[in-house]
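Chemist: So the protein sequences, as listed, match chains C and E. Numbered according to our numbering, the first sequence spans residues 4 to 496. Numbered according to our numbering, the second sequence spans residues 4 to 496.
Among the clues, some could well be false.
One copy or two, it doesn't matter: identical chains are merged, so the pair holds either way.
Once the Cα atoms are required to be at most 35 Å apart in a straight line, the calculated DSBU-like pairs of lysine-lysine come out as [unchecked claim]: (1) LYS397 - LYS181; (2) LYS492 - LYS23; (3) LYS189 - LYS434; (4) LYS397 - LYS157; (5) LYS156 - LYS193; (6) LYS450 - LYS229; (7) LYS445 - LYS78; (8) LYS101 - LYS356; (9) LYS222 - LYS156; (10) LYS119 - LYS79; (11) LYS181 - LYS431; (12) LYS78 - LYS119; (13) LYS222 - LYS492; (14) LYS445 - LYS233; (15) LYS247 - LYS189; (16) LYS343 - LYS101; (17) LYS356 - LYS240; (18) LYS165 - LYS131; (19) LYS216 - LYS189.
No wet-lab data here; the hints were simulated from the structure. All values reported here derive from a predicted model rather than from experimental measurement.
There are 2 protein chains.
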Amino acid sequence: MLEKIDLGVTIDKETYRQEKERLTVRLGELQRTLHDMGIPVLILFEGWDAAGKGTLINELLMPMDPRSFRVHNFKKQESEDEIFRPFLWRYWTKTPEKGQIAIFNRSYYSDLVYRKSIDALNMQGLMKQANEFEQALSDDGMIIFKFFVHISKKEQKRRFNKLLGNDATAWRVTPRDKKENKHYDKLYEKVNRGLELTDNDCAPWVIIEGEQKDYALIKVFSVLEKRLEKAIETVNKAPAIELKPLIHEGDMPFQSKILDGIVLDQVISEEEYQRQIKEAQKKIRLLQFELYRRRIPLIVGFEGWDAGGKGGCIKRLTRNLDPRGYTVYPTASPSDLERKHHYLWRFWRDIPKNGHLGVWDRTWYGRVMVEPIEGFCTQEEFDRSYREINEFEKQLSDWGAIVIKFWLQIDQDEQLRRFTGREENPDKEWKITDEDWRNRDKWEVYKIAVDEMLLKTSTVNAPWIIVEAQNKYYARIKVLNETIAAIEKRLND
Amino acid sequence: MLEKIDLGVTIDKETYRQEKERLTVRLGELQRTLHDMGIPVLILFEGWDAAGKGTLINELLMPMDPRSFRVHNFKKQESEDEIFRPFLWRYWTKTPEKGQIAIFNRSYYSDLVYRKSIDALNMQGLMKQANEFEQALSDDGMIIFKFFVHISKKEQKRRFNKLLGNDATAWRVTPRDKKENKHYDKLYEKVNRGLELTDNDCAPWVIIEGEQKDYALIKVFSVLEKRLEKAIETVNKAPAIELKPLIHEGDMPFQSKILDGIVLDQVISEEEYQRQIKEAQKKIRLLQFELYRRRIPLIVGFEGWDAGGKGGCIKRLTRNLDPRGYTVYPTASPSDLERKHHYLWRFWRDIPKNGHLGVWDRTWYGRVMVEPIEGFCTQEEFDRSYREINEFEKQLSDWGAIVIKFWLQIDQDEQLRRFTGREENPDKEWKITDEDWRNRDKWEVYKIAVDEMLLKTSTVNAPWIIVEAQNKYYARIKVLNETIAAIEKRLND
């Protein structure tokens, strides 16, 4: 891409002055409109060191209402917290909420270009993740700009020398910077290749000729103006969508019946349970330490019918673990803030460090169960969820995580027994709510959603494990044993 | 404190079994009551390595609803992110919200006891901060438990040896652990002294005899039971408080009149402004780099009448800065989540790293202006706010920050001119709301609040700087020059 760029372009003082004045006012208006419409915007600045990204960002902030934007600076070197997390973690967690603008000063793109020990295949894989990230956000309604501010080797050197010539700024040019200027041509190849790999439809690169600062600024502002105007028009013209339930009884007549095929009569005696649980808990504690030593993360998700015994299984799983190494995340309905982000945002936020164990009591699978059933998402959102979830789990797995998902299966009679039991026990009464009864009435609809979910999202690297949970002892032992098996499999690989 | 402890205490199996069963059920009930009443609880575990903190925490989690608690593990070594922040930052940001339980596995207390390079005076100062932290949370309604799990040198050695005897656990005993056991007696002195310095009324230490694990567990559970019961009773018996405006015209008849004494007729010509602003912006950019190099944080707060020109001043202050080094935080009314925490929580959360600049467009001073005027806080909350705010700023200053607060002063006529001007300008109309007009009607009441605030919270280390803002040019230049002066003063110290 870069080889086609003419770095000699300029703009005259008068045009600059006029356009800047006009565009400053206009961008302020557009930002307020976007805010009122709840449209999130991500503006990403990349480019050579000393290309002028900082100045462009500051000028861009001038017309903005400070309540509506946030600048995130990403160093080429990840921090301690970031280095222990998946590649995109530090970016996912900083995506803007609806109506807000996030400005990324450098990004995943620099991450890769400046990473020394990365081969072409790996780079391609991670760039693909970046594309998926942008696709997911864009599908969710985010407007994404990617600016690459380009200057020549000569110009970069000139700017470095200028900084070096002043005592107060000389220290800013690090040995690394100098080295980068020296190896500009080699980096150029890498940069160019990176741009190609990440130039996608939803977030195309805009190359900014950065040698004349006036030109660079007016180009950035003009590109923002045109695309934001278009985005606002598109949203305004889009027909209003009425949210309604998306799954009904009788949908998908020849659907595979995974749940119906589960044999529920496995039982374990209390005595046998007591013996086995102690042993398994002891074992899993040792395995936890081993995972920590080897820096392998473990992600365990629990789903299942209400009163299926998720909480009980989680407590037995974690009881003997070192609390410094695990966290249990209960997933309730999203908060206001969570609702203003992509639905995967809150799960990304909680991804543990590698070597740690994250357990979810209910998970991101609400997206393909309660949301379409209750009509909390649109058909389009629902349709792309399986892919998005599989990509999410694949990224976790590529990062090195062991990913396991348990489905706790009971039948309707057993659920009724447990609901009634809870209502009759003053210590457990709090566990049962009207909503549980309402969900129970939708059993058949849930079955359709769950069968489809188990089918589409059970992958080699993140399999669903069905737990016959009619007998609590059996279920707990199975959860522990399957977890142990998954860990041991990885450790022996 | 520790020397009075008899580590030989035990409990028999049968009492243990019975009490554990009873207390487990009871703590579950209490947790749900606390949740429903919106009472936050902080449970802090300290103690020797291998004293059994992890096991106690896990057992404590068993009866709890996972949606209601969160465990935070604090390493003796702070992370990169934490080391660049004030001492209590990592704890403030993890305080529980209303109705939630936070469990701290180690805390500020370990921070100090295990810190090598700390003299007695410094330790005393930081322990004082810890006490103030607990006082602020406790005043805000939080129940705080501090357990110190105690074992003898001999017992610690025995436990280390047991771990060392097993290949799977041997690595967990680090050279540092061994060294700590060797120097147990010396550490003991430090620990004992630390316990004394932080044993306060609102959060007294409870020493847990940790040699027999059964005893330790029942003691922890029983202490929780008793104090939680008492806390619930106290809250239930407290009379309902009706929130109402706390400041009225005519209050404080002999109040100092700081605002009335401000001479507002300072003016700067546009030409002079253009010349000076460029120069000041250039200078402040260089100073920003110098602060970064020396790792000095700069905290700047802006308050003032509506339409006083805060936004304009902030934009001129930051325009030329490196965006990697500063963040502007606009303070709106608190979100749901923020409302569930101590009012200083959200400001603690945003404290920048050292070497960075944080600018607040409106600040924590809302607590002593809009809140008492509109009746958003109780009289007791209001009364302790000046002290809490001064302590907060003192902690920032002790950390090394330059703290400046600007009050932008205009008169009522000028405000009216600006309001009207905004309403008539389509580009600025969005800046003016009904609320602005409502606040304007309360000018005299605000004057009382502001005069008191300026008097009580202008401190040597965090002074209020009054900015005569009738003329915008004058105001902007003064803000930049005062900021430059404050930075230069520090750099020359």
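Chemist: For every hint, state whether the structure bears it out.
Modeler: Status of each hint after checking the structure:
{"no.": "1", "hint": "LYS397 - LYS181", "result": "neither (38 Å within a copy, 42 Å between copies)"}
{"no.": "2", "hint": "LYS492 - LYS23", "result": "neither (61 Å within a copy, 37 Å between copies)"}
{"no.": "3", "hint": "LYS189 - LYS434", "result": "neither (62 Å within a copy, 50 Å between copies)"}
{"no.": "4", "hint": "LYS397 - LYS157", "result": "neither (42 Å within a copy, 49 Å between copies)"}
{"no.": "5", "hint": "LYS156 - LYS193", "result": "within (15 Å within a copy, 58 Å between copies)"}
{"no.": "6", "hint": "LYS450 - LYS229", "result": "neither (47 Å within a copy, 46 Å between copies)"}
{"no.": "7", "hint": "LYS445 - LYS78", "result": "neither (49 Å within a copy, 47 Å between copies)"}
{"no.": "8", "hint": "LYS101 - LYS356", "result": "both (28 Å within a copy, 27 Å between copies)"}
{"no.": "9", "hint": "LYS222 - LYS156", "result": "within (21 Å within a copy, 70 Å between copies)"}
{"no.": "10", "hint": "LYS119 - LYS79", "result": "both (11 Å within a copy, 32 Å between copies)"}
{"no.": "11", "hint": "LYS181 - LYS431", "result": "neither (67 Å within a copy, 46 Å between copies)"}
{"no.": "12", "hint": "LYS78 - LYS119", "result": "both (15 Å within a copy, 31 Å between copies)"}
{"no.": "13", "hint": "LYS222 - LYS492", "result": "neither (54 Å within a copy, 41 Å between copies)"}
{"no.": "14", "hint": "LYS445 - LYS233", "result": "neither (42 Å within a copy, 43 Å between copies)"}
{"no.": "15", "hint": "LYS247 - LYS189", "result": "neither (55 Å within a copy, 68 Å between copies)"}
{"no.": "16", "hint": "LYS343 - LYS101", "result": "both (5 Å within a copy, 22 Å between copies)"}
{"no.": "17", "hint": "LYS356 - LYS240", "result": "neither (44 Å within a copy, 44 Å between copies)"}
{"no.": "18", "hint": "LYS165 - LYS131", "result": "neither (38 Å within a copy, 49 Å between copies)"}
{"no.": "19", "hint": "LYS216 - LYS189", "result": "within (25 Å within a copy, 63 Å between copies)"}
Comparing the model with each earlier hint shows violations of hints 1, 2, 3, 4, 6, 7, 11, 13, 14, 15, 17, 18; every other hint is respected.
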